[in-house]
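Participant: I would like the entire structure built from these sequences, with the hints used as guidance.
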Amino acid sequence: MEKTEDMMVDDTAMDTTEENYNDDELTMKARQEWITQFRLKFCAHDDPDPIKNVIHPDGSLNQDYFRPPKDAKIEEARKWGEAEKTLLIEGIEKHGIGHFGEISKESLPKWSTNDLRVKCIRLIGRQNLQLYRDWKGNAEDITREYEANKKIGLEYGSWKQGVLVYDDAGNEGFLFIYSYTSTMSDTTTRKRSLSIEDEEQVKRPRNNTLLNDLTAILAEIKSTPSSGEISAELLNSLRLLMLQIESLSADESNTEAKRMKDESDKCLDLWFQDLVAQCEADGEDLLEEQLFNAESDNEDEEENLALALALQDEEDYCQEVDQVCSKQLQEDEEEDIEVEIV
Numbered sequence: 001m002e003k004t005e006d007m008m009v010d011d012t013a014m015d016t017t018e019e020n021y022n023d024d025e026l027t028m029k030a031r032q033e034w035i036t037q038f039r040l041k042f043c044a045h046d047d048p049d050p051i052k053n054v055i056h057p058d059g060s061l062n063q064d065y066f067r068p069p070k071d072a073k074i075e076e077a078r079k080w081g082e083a084e085k086t087l088l089i090e091g092i093e094k095h096g097i098g099h100f101g102e103i104s105k106e107s108l109p110k111w112s113t114n115d116l117r118v119k120c121i122r123l124i125g126r127q128n129l130q131l132y133r134d135w136k137g138n139a140e141d142i143t144r145e146y147e148a149n150k151k152i153g154l155e156y157g158s159w160k161q162g163v164l165v166y167d168d169a170g171n172e173g174f175l176f177i178y179s180y181t182s183t184m185s186d187t188t189t190r191k192r193s194l195s196i197e198d199e200e201q202v203k204r205p206r207n208n209t210l211l212n213d214l215t216a217i218l219a220e221i222k223s224t225p226s227s228g229e230i231s232a233e234l235l236n237s238l239r240l241l242m243l244q245i246e247s248l249s250a251d252e253s254n255t256e257a258k259r260m261k262d263e264s265d266k267c268l269d270l271w272f273q274d275l276v277a278q279c280e281a282d283g284e285d286l287l288e289e290q291l292f293n294a295e296s297d298n299e300d301e302e303e304n305l306a307l308a309l310a311l312q313d314e315e316d317y318c319q320e321v322d323q324v325c326s327k328q329l330q331e332d333e334e335e336d337i338e339v340e341i342v
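Under full-length UniProt numbering, think of the first position of the sequence shown as 1, with each following residue one higher.
Note that these hints are calculated values from the structure, not bench results. Not one of these hints is a red herring.
Derived CB-CB ranges, DEER-like:
| # | residue 1 | residue 2 | range |
| --- | --- | --- | --- |
| 1 | 110 | 52 | 29 to 39 Å |
| 2 | 86 | 44 | 47 to 57 Å |
| 3 | 144 | 274 | 35 to 45 Å |
| 4 | 239 | 157 | 16 to 26 Å |
| 5 | 110 | 216 | 41 to 51 Å |
| 6 | 139 | 64 | 49 to 59 Å |
| 7 | 102 | 78 | 14 to 24 Å |
| 8 | 68 | 37 | 27 to 37 Å |
| 9 | 242 | 143 | 22 to 32 Å |
| 10 | 215 | 251 | 21 to 31 Å |
| 11 | 68 | 240 | 49 to 59 Å |
| 12 | 28 | 49 | 28 to 38 Å |
| 13 | 234 | 277 | 15 to 25 Å |
Cross-link-like lysine-lysine pairs, in silico, BS3-like; alpha carbons within 30 Å at most:
| # | residue 1 | residue 2 |
| --- | --- | --- |
| 14 | 52 | 73 |
| 15 | 79 | 150 |
| 16 | 79 | 119 |
| 17 | 105 | 94 |
| 18 | 160 | 150 |
All residues carry an ideal CB built from backbone N, CA and C; glycine is no exception.
Facilitator: Shown next as structure tokens:
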């Protein structure tokens, strides 16, 4: 008897499993039918070319639609080789660093401006190309700059992935001597050259050169009118120069650099005092005019305030008169009522 009950239980379980399987199958068919109707409603096209139709008339996907045409040409992957490198160097020699759009249009149309900028960073060996803006040079010049940047990066721990990069303090290996050279070429183009001196010259730079550069920059800033704007390039030059002087003076054995640091501080102090005096002189007339306008504004404000107070007093007086009249009228009405009652 027990065996019969066990067999009945097993048969019931088998029926339940078969029923669940049928339900899942029906659910899957319903989903597929919904997908087919959705495709027929939104993806159907009446193009005579069957390949251009996304789906077949029954709603199934047309696999040929997603395959590339038979006559399609596979675009070859770009490869950066010696030929492209040579074209980039020729473009730098002709147009200068920073003019990557012109180089791309003229010699390397498959490579975007940003692509060429990254390639140039690898060529020159420096992350910050701002210092090389408009710089021109041939292959030998680029190799020389690369080796100089590499030397600085290895010496100060700023050489990463073959490029001189910024350190944790936000500075590059800034112990270098830089100069801006203006040359008049056939195209009257300004050429900026970045030169790196030998290690001994870096550690013992000529004080007169740095101080003269500092004096020239401060004089140019001082000559800027108060209504004008100091260029970012000039401020960046001042920052780099001060960083260089500060770093050189950090070497305790470099007495010349310390003396140069003291002289530069005095130079900055005198420049700042002259700048303050100039600003005060330029601002006296403006200050007097502002004070005069302020006094006039104060007088106008006082008159307006007096008028407002007078109007307020008059309004208060009118309100008091109205209250008295209303009270008197109310009393008269009460007296009339009492007389009538009597």
